[in-house]
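Novice: The primary structure of each chain is shown beneath.
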Amino acid sequence: MIIDINFVGLIIASIMASAVPLILASCGELITERSGVLNLGVEGMMIIGAISGFALMTVTGSLIVAVFGAMLAGVLISTIFAFLTQTLITNHVATGLALTIFGIGISAMIGKNFVGIPGKEFPVLFESLKDTIPLISPILFGHSIVFYFAFALPFMTNYFLKKTKIGLIVRAVGDSPESASNQGINVRLVRYACILYGGAMSGLAGSYLSMIYTPQWIENMTGGRGWIALALVVFSTWNPIKILIGAMIFGGLTIIQFHMQAIGVRIPVQFLTALPYIVTIIVLVVISRDSRKIRLSTPSSLGKSFHKDN
Amino acid sequence: MHKFLIRSFVSSLVLLFTLTVAAVAKDVKAAFVYIGPTGDHGWTYQHDVGRKAVEAAGFKTTYVEGVPESADAERVLRQLANSGHDVIFTTSFGYMNPTNKVAKEFPNVKFEHATGYKREHPNVSTYAARFYEGRTILGTIAGTMTKSNVIGYVASFPIPEVIRGINSFTLAAQKVNPNIKTKIVWAFTWYDPGKEAEAAKALIDQGADVIAQHTDSTAIVQMAEKAGVYAFGQASDMDKFAPKAVLTSVENNWGPYYVDRVKAVANGTWNQKDTWHGIGDGMVVISDLDSQMPADLRSKVKKLQADLASGKVHSFTGPIYDQKGNLMVAEGKTADDGMLAGMMTYVKGVEGDIPK
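So the protein sequences, as listed, match chains G and E. So the first sequence is numbered by the working numbering: it starts at 1 and just counts up by one. So the second sequence is numbered by the working numbering: it starts at 1001 and just counts up by one.
Think of the hints as simulated: they come from the structure by calculation, not from any bench. A portion of the hints provided could be inaccurate.
Unchecked claim - Using C-beta positions, here's what the derived DEER-type ranges look like:
{"#": "1", "chain 1": "E", "residue 1": "ASN1097", "chain 2": "G", "residue 2": "THR90", "range": "40 to 46 Å"}
{"#": "2", "chain 1": "E", "residue 1": "GLY1332", "chain 2": "G", "residue 2": "MET109", "range": "53 to 59 Å"}
{"#": "3", "chain 1": "G", "residue 1": "SER305", "chain 2": "E", "residue 2": "ARG1078", "range": "42 to 48 Å"}
{"#": "4", "chain 1": "G", "residue 1": "LEU135", "chain 2": "E", "residue 2": "VAL1064", "range": "48 to 54 Å"}
{"#": "5", "chain 1": "G", "residue 1": "ILE282", "chain 2": "E", "residue 2": "GLY1332", "range": "43 to 49 Å"}
{"#": "6", "chain 1": "G", "residue 1": "MET109", "chain 2": "E", "residue 2": "ASN1082", "range": "24 to 30 Å"}
{"#": "7", "chain 1": "E", "residue 1": "MET1339", "chain 2": "G", "residue 2": "MET109", "range": "42 to 48 Å"}
For every residue, glycine included, the Cβ atom is placed at its ideal position computed from N, Cα and C.
Just chain G, same shape as in the assembly (with noise of 0.2 Å):
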């Protein structure tokens, strides 16, 4: 088979849609980590997220409304979360597991009226571009909004966390929430705010699978996106630049097989579906091995609650 430029061109630009969602709910749900929780729910907050931005969009015909009201889904289920772990120290990982299974729960019941119903078109950007030149100009126009959004936002992530005092602040709840509270900060507060800004991110997540991806809805289409985004954080080993590769390689990993498949390769597809988690454990072996390196990749409170604070 020749291999095209353009065609080459047309493959990243598939990978790179396709990781959009990756990106965004893990570039959310590593700032909540980066305080110190460990929220689980991801899955179930992104659910929310789709089904709340299609719904809002069908009924109100208003793609903004919809964008921004499935960020604001997303803080809310999210404020549970964060009431039940924050104010009432609930253990993590059980109440983000809830939380998975009640997003699913919920936005099927919401959903019941929504299948069966097409999605609006949503715009692209730099369409005219798009053939000017070979290879570049597929990769870099024509794409969504919410696409550009989230090839900046590891970029901006990664400032925020180590150029900012907010970032400061975040990543000392996160390591130290005993030393964060001596110094006077509120860390119920701050982490209050990770987790709703986690939520937030996961909404939209959900919500360009449900309106730019595949605009549609039907019951359970996050398919499992949310857990490949929380063991792409655990992969990045806590590091927004790493969560963009990482996004690329796992959401590139079914279109690769998929290429591979139509030229006539074949590759045991359980395998791949199960490759994510494979190389996620793999990085958590070799990074467990350097106490060093835990040290400084793994926000040393993650996932234990604070009682403390008042």
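Here the structure of chain G is known, so what remains is to put chain E in place on it, guided by the hints.
Specialist: Just chain E, lined up with the frame of chain G:
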């Protein structure tokens, strides 16, 4: 006071129960067991459309969705049979053994199992649809409309139902255009819009200009619309999701059969049957043909549809060879239902191997 409350509560419960039983005893009640959520807009959704037709015909119906094909299915079936349902439709292949097992325990309840072949007790019937007839029509259209001579096909799981569809589609496409190539991508899902869209995109990027699907969501036709290629709707009319891309759809139409069978129960004329209906009986419906198709193609398709319905044309008419060139169906013969039901080999002209 407490005692009084409890007593009145219990007595009202008893009253309610008697009322319910009385109501049940009067009319025929049908129950439906679904493998997926009714919100899948695919397989289960279409069965639920059929259930609504039964409701519209004046019968009471219940449904249980998302029932796994395991011991859970038996439990659900037993519960439905126990709670006054006269006929129970089990709408997935994997309910075959649970259906027969529970049917033995409830000889007065009628059981209708979709896509299976076991009828171990007189109160079990089976039914299925000849969707491959619809795919003969899609293949004819695809073979005529393609310009690149590459047709993409997004498949779900390697089971006879899907292989039969691929074969029927390819045979028809080759008949009108011997140069076509059918590229198959297995998505290993019945519905995951993201994955289905990615599979379709991969096929389009590799030059396919007509996409067929044997998965349930509308993501593929939407992707085709975006890329400016043709596609076909699956299970329901998907035209409104992609008005330019969708040339026609093959619809699963269970309603008439369901109404028929529930009426038979009500009239006392229900008997054990094995039903395999196609276009002729209206279980497989071809949606409106898009005006982008040339007029002569449209009339050709209409004729083919009529011939498939009357039985003049069979989707699997010999000579048919498998990929290695072995004769599967001799010249002038047609494949029998036994061969169709267990079809697990590609016909000549399909590329690649069936994944394990």
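Novice: Could you run down the list of hints and mark each one as holding or not?
Specialist: Here is what the structure says about each hint:
no.: 1; hint: E:ASN1097 to G:THR90: 40 to 46 Å; in the structure: holds (43 Å)
no.: 2; hint: E:GLY1332 to G:MET109: 53 to 59 Å; in the structure: holds (56 Å)
no.: 3; hint: G:SER305 to E:ARG1078: 42 to 48 Å; in the structure: holds (44 Å)
no.: 4; hint: G:LEU135 to E:VAL1064: 48 to 54 Å; in the structure: holds (53 Å)
no.: 5; hint: G:ILE282 to E:GLY1332: 43 to 49 Å; in the structure: violated (60 Å)
no.: 6; hint: G:MET109 to E:ASN1082: 24 to 30 Å; in the structure: holds (27 Å)
no.: 7; hint: E:MET1339 to G:MET109: 42 to 48 Å; in the structure: holds (44 Å)
Hint 5 from the list above is the single one not met by this structure.
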